[in-house]
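Go ahead and model the full structure; you've got the sequences and the hints to work with.
Chains as they are written, first to last, in our numbering: chain P, 1 to 502; chain A, 1 to 502.
Please keep in mind that the hints were generated in silico from the structure rather than gathered at the bench. Note that the coordinates shown come from a computational prediction; the quantities given were computed from them, not determined experimentally. We put the CB at the ideal spot given by N, CA and C, even for glycine. It cannot be assumed that every hint is accurate.
To be verified - Looking from chain A toward chain P, a few residues come up when the C-beta cut is under 8 Å (computed):
#: 1; residue: Cys41
#: 2; residue: Glu53
#: 3; residue: Val79
#: 4; residue: Glu95
#: 5; residue: Ala97
#: 6; residue: Val98
#: 7; residue: Pro123
#: 8; residue: Asp136
Stated by the list, open to error - Using 27 Å as the maximum straight-line C-alpha spacing, the simulated DSS-like pairs for lysine-lysine come out as follows:
#: 9; chain 1: P; residue 1: Lys67; chain 2: P; residue 2: Lys186
#: 10; chain 1: P; residue 1: Lys56; chain 2: A; residue 2: Lys56
#: 11; chain 1: P; residue 1: Lys84; chain 2: A; residue 2: Lys119
#: 12; chain 1: P; residue 1: Lys69; chain 2: A; residue 2: Lys364
#: 13; chain 1: P; residue 1: Lys364; chain 2: A; residue 2: Lys69
What the hints assert, rightly or not - Some residues of chain A that are not near chain P, with every Cβ distance over 12 Å (derived):
#: 14; residue: Glu21
#: 15; residue: Gln237
#: 16; residue: Leu314
#: 17; residue: Gly325
#: 18; residue: Asp328
#: 19; residue: Gly374
#: 20; residue: Cys384
#: 21; residue: Met391
#: 22; residue: Thr430
#: 23; residue: Phe432
#: 24; residue: Val447
#: 25; residue: Tyr468
#: 26; residue: Thr479
#: 27; residue: Ala501
Number of protein chains: 2
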Amino acid sequence: MSQKMDKKRAVSPTRQENYPEWFQECVKISQLAEPSMVRGCMIFKPHGCALWEEIKSQLDRRFKELKVKNVYMPLFIPVKELQKEADHIEGFAKECAVVTHHRLITDQKGELVVDPEAKMEEPYVVRPTSELLFGDAMSRWIHSYRDLPLLLNQWANVVRWEMRTRPFLRTAEFLWQEGHTAHATKEEANAFSKKMLHEYARFVRESLAISVVEGQKPESEKFPGANITYTIEAMMQDTKALQAGTSHDLGQNFAKASTIRFTDQAGELQFAHTTSWGMTTRLIGALMMVHGDDDGAVLPPKVAPVHIGIVPFLMKDSDPSLILGYIDRLRLSLENTIYHGSPLRVEVDLSDERASEKAWRFKKMGIPHLIQIGMKEVTENTICLVERDIMDSSKETLQAGSYVEHVSDLLDRMQSRMYQKSTEFREKHTFFAHTKAEAYTYLESGVGFVECFIAQDPSIEKELKDKYSVTVRCIPLETLEETGPCIFTDKKGQKALLAKAY
Amino acid sequence: MSQKMDKKRAVSPTRQENYPEWFQECVKISQLAEPSMVRGCMIFKPHGCALWEEIKSQLDRRFKELKVKNVYMPLFIPVKELQKEADHIEGFAKECAVVTHHRLITDQKGELVVDPEAKMEEPYVVRPTSELLFGDAMSRWIHSYRDLPLLLNQWANVVRWEMRTRPFLRTAEFLWQEGHTAHATKEEANAFSKKMLHEYARFVRESLAISVVEGQKPESEKFPGANITYTIEAMMQDTKALQAGTSHDLGQNFAKASTIRFTDQAGELQFAHTTSWGMTTRLIGALMMVHGDDDGAVLPPKVAPVHIGIVPFLMKDSDPSLILGYIDRLRLSLENTIYHGSPLRVEVDLSDERASEKAWRFKKMGIPHLIQIGMKEVTENTICLVERDIMDSSKETLQAGSYVEHVSDLLDRMQSRMYQKSTEFREKHTFFAHTKAEAYTYLESGVGFVECFIAQDPSIEKELKDKYSVTVRCIPLETLEETGPCIFTDKKGQKALLAKAY
Chain P
1 MSQKMDKKRA VSPTRQENYP EWFQECVKIS QLAEPSMVRG CMIFKPHGCA
51 LWEEIKSQLD RRFKELKVKN VYMPLFIPVK ELQKEADHIE GFAKECAVVT
101 HHRLITDQKG ELVVDPEAKM EEPYVVRPTS ELLFGDAMSR WIHSYRDLPL
151 LLNQWANVVR WEMRTRPFLR TAEFLWQEGH TAHATKEEAN AFSKKMLHEY
201 ARFVRESLAI SVVEGQKPES EKFPGANITY TIEAMMQDTK ALQAGTSHDL
251 GQNFAKASTI RFTDQAGELQ FAHTTSWGMT TRLIGALMMV HGDDDGAVLP
301 PKVAPVHIGI VPFLMKDSDP SLILGYIDRL RLSLENTIYH GSPLRVEVDL
351 SDERASEKAW RFKKMGIPHL IQIGMKEVTE NTICLVERDI MDSSKETLQA
401 GSYVEHVSDL LDRMQSRMYQ KSTEFREKHT FFAHTKAEAY TYLESGVGFV
451 ECFIAQDPSI EKELKDKYSV TVRCIPLETL EETGPCIFTD KKGQKALLAK
501 AY
Chain A
1 MSQKMDKKRA VSPTRQENYP EWFQECVKIS QLAEPSMVRG CMIFKPHGCA
51 LWEEIKSQLD RRFKELKVKN VYMPLFIPVK ELQKEADHIE GFAKECAVVT
101 HHRLITDQKG ELVVDPEAKM EEPYVVRPTS ELLFGDAMSR WIHSYRDLPL
151 LLNQWANVVR WEMRTRPFLR TAEFLWQEGH TAHATKEEAN AFSKKMLHEY
201 ARFVRESLAI SVVEGQKPES EKFPGANITY TIEAMMQDTK ALQAGTSHDL
251 GQNFAKASTI RFTDQAGELQ FAHTTSWGMT TRLIGALMMV HGDDDGAVLP
301 PKVAPVHIGI VPFLMKDSDP SLILGYIDRL RLSLENTIYH GSPLRVEVDL
351 SDERASEKAW RFKKMGIPHL IQIGMKEVTE NTICLVERDI MDSSKETLQA
401 GSYVEHVSDL LDRMQSRMYQ KSTEFREKHT FFAHTKAEAY TYLESGVGFV
451 ECFIAQDPSI EKELKDKYSV TVRCIPLETL EETGPCIFTD KKGQKALLAK
501 AY
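See below:
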């Protein structure tokens with residue numbers, strides 16, 4: 001196509017040329033994931049799997065500090081049990097994988113087919129969420145106020161039979177965590193759902209270096225069954241919004257549907273107040289869409305599976321043993337450096353590929369620091385460093401000792417630069433609209449997020465959706481109390497964020 | 001039933017009375033897992049989930065040290081792709097969960113049913129293993145000798161539609177890891193499959209405190225498609241065997257079925273040599289069956305989710321603030337103690353239940369150290385310690401400072417005692433049979449493992465199975481080279497281990 005060889009960009013098309021296609025290509029060349037033979041399901045390659053493990057481990061550590069305990073529920077849910085949810089929740093998701101048989105047989109033609117005789121007694125769905133099983137377990141595990149709060153979480157795969165899929169952002173199977181908690185009071189449940197939202201926001205900002213707006217969903221966009229749905233919304237490089245995590249205050253709705261009751265200190269039987277909150281592998285899609293560039297992924301140091309990629313530069317007149325020995329000592333010093341609680345992760349590419357190929361591989365994968373070592377570096381006791389986020393301008397030579405001493409600072413500075421860039425990008429592409437006309441001008445030109453006062457009203461939201469494929473992403477928590485005349489109806493409105501979204 | 005209140009045993013029936021029922025009951029009261037509304041599937045409760053996480057994290061750390069990388073494959077496998085495996089493997093497992101539809105609808109009666117219109121274009125099975133997907137990925141990821149060895153692993157849930165299930169030991173859904181590696185030479189593949197077996201054996205011995213025999217399966221018990229299947233076999237308290245992990249040298253069989261080829265250094269196209277190896281949540285069943293007693297679980301300190309359970313003893317004349325303050329300081333000192341690389345995990349039960357109830361809860365859960373603190377301990381600056389594995393005889397009072405100083409040693413000593421007990425039990429219940437008659441006497445009386453020289457012969461194995469439900473568990477690696485006349489046929493035989501097995 002229009003691959004510009006002069007600029008030596010690894011991804012074609014570029015973000016400018018075709019953002020959705022750039023994304024697909026970027027996922028591929030970054031070695032994070034690849035499509036599989038199963039419709040809408042991805043293979044997490046080692047790099048992508050390690051990235052998710054890092055995200056998971058940081059979130060999990062924090063959950064545990066908050067006294068949340070992990071459980072593991074069965075993969076299947078009996079269809080007849082889903083009836084409960086279907087009864088009380090209008091928007092029950094019905095697109096799911098249904099298990100109806102339990103055996104394959106070889107037919108007369110020698111082909112493997114579903115055995116018609118092996119129909120299950122009752123059909124099961126593959127969990128689209130384990131909400132129902134959590135409700136059922138909580139109804140058995142909670143008896144008295146002594147059992148509260150009950151703070152549970154699950155890390156698992158879930159399946160939703162999506163029609164149109166996109167790597168990481170929307171896949172039939174995805175990995176996630178779902179937290180479910182039960183509390184004795186309304187206030188405590190609400191406070192906990194907010195606390196988890198703040199935790200999510202903190203993690204996404206501090207570890208993923210993504211700027212997010214914390215907000216409350218309008219009635220129309222709430223999770224079915226929730227009293228309040230809290231959300232964090234991030235802006236991608238095409239200025240569309242991406243919901244990066246949600247936390248729900250379910251009031252007593254869920255407890256009533258699942259009969260989660262407890263005897264309070266006065267001996268009275270009460271329904272519990274529950275919350276739920278989740279984050280998914282979609283976060284990896286967000287990482288790519290926010291930080292990726294026309295050369296591939298750019299991973300924030302705090303979650304990068306490899307912090308430093310080292311490439312030996314062997315020329316005809318080099319002494320390989322000198323270079324490799326030098327690299328070994330450097331690697332050792334770096335691996336003895338603790339970065340945010342864990343040793344730095346270093347990868348040395350010793351294969352017999354060309355050095356330039358190796359350097360490109362590390363760049364495409366988004367490894368924060370690329371280090372090249374040739375005879376010159378060995379002789380001068382230096383390293384040649386390229387910082388991934390500012391690759392085009394950052395190539396510099398540092399004393400090896402000084403690099404090892406300051407490597408954590410350098411990585412932290414990269415982390416800050418990336419977060420700052422994401423924040424500035426979002427701020428630059430967020431516009432306040434004083435009037436409907438102004439809002440429509442912004443929305444028509446697709447410039448980014450539009451802030452305005454709006455009264456919650458289904459007809460306005462329908463118009464926004466129909467005309468501009470735009471939704472009310474959230475009422476930002478920071479300005480939750482601010483009110484003003486709705487730009488559409490002049491009624492009392494709240495400051496809302498409008499945007500197209502993934 | 002026959003609950004002996006005088007002995008105050010928590011599990012009824014006892015191991016002596018009814019071992020299988022004791023096991024079921026023990027799983028329940030230990031808080032590890034409970035049955036679910038899904039046939040043959042368990043709920044991993046917080047205690048069981050934490051135990052699996054600990055097992056997983058230790059194994060995973062070791063895999064990573066060996067340069068094995070994790071990937072994640074899709075949950076589903078198209079039935080038509082399974083044909084490949086069915087073609088080349090006789091014993092292809094056909095009992096699996098089959099997904100045939102992708103939508104539920106509400107019918108005229110208002111009931112949620114499978115939408116007959118939403119039949120999938122092709123049926124999928126829920127992975128009973130991801131072997132096929134690994135083969136497919138390897139065939140794409142391996143091109144040249146540079147890509148070898150390729151060392152991959154996956155942590156995932158798998159499903160096998162078992163007819164008779166038993167918690168942890170045999171469940172429809174279970175959690176496991178499956179490693180798949182590809183190598184350039186036959187020797188390297190074989191060495192790697194043996195290395196993984198040794199790793200498994202080391203982990204089970206050192207961390208789970210379970211004595212195992214490392215061996216090679218006879219031809220008849222091999223994994224379909226393997227050249228050699230290595231196994232570790234443990235003895236349960238009813239003297240039955242349990243296969244705790246397997247590692248397969250697949251030769252080029254799997255590479256041929258999946259077309260995994262590489263260009264060698266001479267430029268020739270070659271089939272790779274592959275291995276696979278796996279461990280499952282069955283290990284938790286083994287832990288229970290080997291170490292559990294008539295009061296519940298007994299968890300080895302190296303994998304226990306909680307090392308120390310502390311119970312405050314508040315009497316009428318106690319000063320709660322003194323006791324709780326004392327416990328707080330003790331907890332802090334303990335949590336600052338590093339035990340095999342991680343801080344000690346301490347749980348203090350501050351609920352308003354009776355102290356004796358709390359102590360029983362910790363005992364049933366198998367927490368290694370139970371500590372009770374009342375006014376006496378506060379006044380004398382001591383702790384009252386019960387060690388779970390020798391509970392009936394171990395209650396002792398120690399100076400608090402001395403306990404904190406020596407707690408790691410005490411836990412290590414418990415770990416050694418448990419391993420020693422498991423080893424002695426296995427040795428005590430293993431008998432060498434010089435003749436067929438002698439072997440049959442042992443097998444008839446069901447005394448444990450029977451060692452004897454045996455030539456591999458399907459008719460002998462059939463007889464053993466039919467008559468005594470006994471199989472050749474393995475040819476122990478330690479005596480692999482020893483030969484002697486087969487006690488059944490007088491042909492040249494190898495020293496084999498016979499036993500009933502789970």
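Comparing the hints with the structure gives:
1. Cys41: 4 Å, holds
2. Glu53: For A/Glu53, the interface hint holds, since the closest Cβ of chain P sits about 7 Å away, which is under 8 Å.
3. Val79: 6 Å, holds
4. Glu95: 6 Å, holds
5. Ala97: 5 Å, holds
6. Val98: Constraint on A/Val98 satisfied, holds at 4 Å.
7. Pro123: Since the shortest Cβ distance to chain P is 5 Å, the answer is holds.
8. Asp136: 7 Å, holds
9. P/Lys67 - P/Lys186: Holds, at roughly 19 Å.
10. P/Lys56 - A/Lys56: 14 Å, holds
11. P/Lys84 - A/Lys119: 24 Å, holds
12. P/Lys69 - A/Lys364: 19 Å, holds
13. P/Lys364 - A/Lys69: 19 Å, holds
14. Glu21: 22 Å, holds
15. Gln237: 26 Å, holds
16. Leu314: 16 Å, holds
17. Gly325: Label holds. Min Cβ-Cβ 21 Å, cutoff 12 Å.
18. Asp328: About 16 Å separates A/Asp328 from the closest Cβ of chain P, which puts it past 12 Å; holds.
19. Gly374: 21 Å, holds
20. Cys384: 24 Å, holds
21. Met391: Correct as stated: the minimum Cβ-Cβ distance to chain P is 26 Å, above 12 Å.
22. Thr430: Its Cβ never comes within 12 Å of chain P, the nearest being 36 Å, so this holds.
23. Phe432: Its Cβ never comes within 12 Å of chain P, the nearest being 43 Å, so this holds.
24. Val447: The claim stands: A/Val447 keeps its Cβ more than 12 Å from every Cβ of chain P (closest is about 38 Å).
25. Tyr468: Holds: least Cβ distance 30 Å, greater than 12 Å.
26. Thr479: 39 Å, holds
27. Ala501: Non-interface label stands for A/Ala501: nearest chain P Cβ at 25 Å, farther than 12 Å.
Against the hints set out earlier in the document, no violation occurs for any number.
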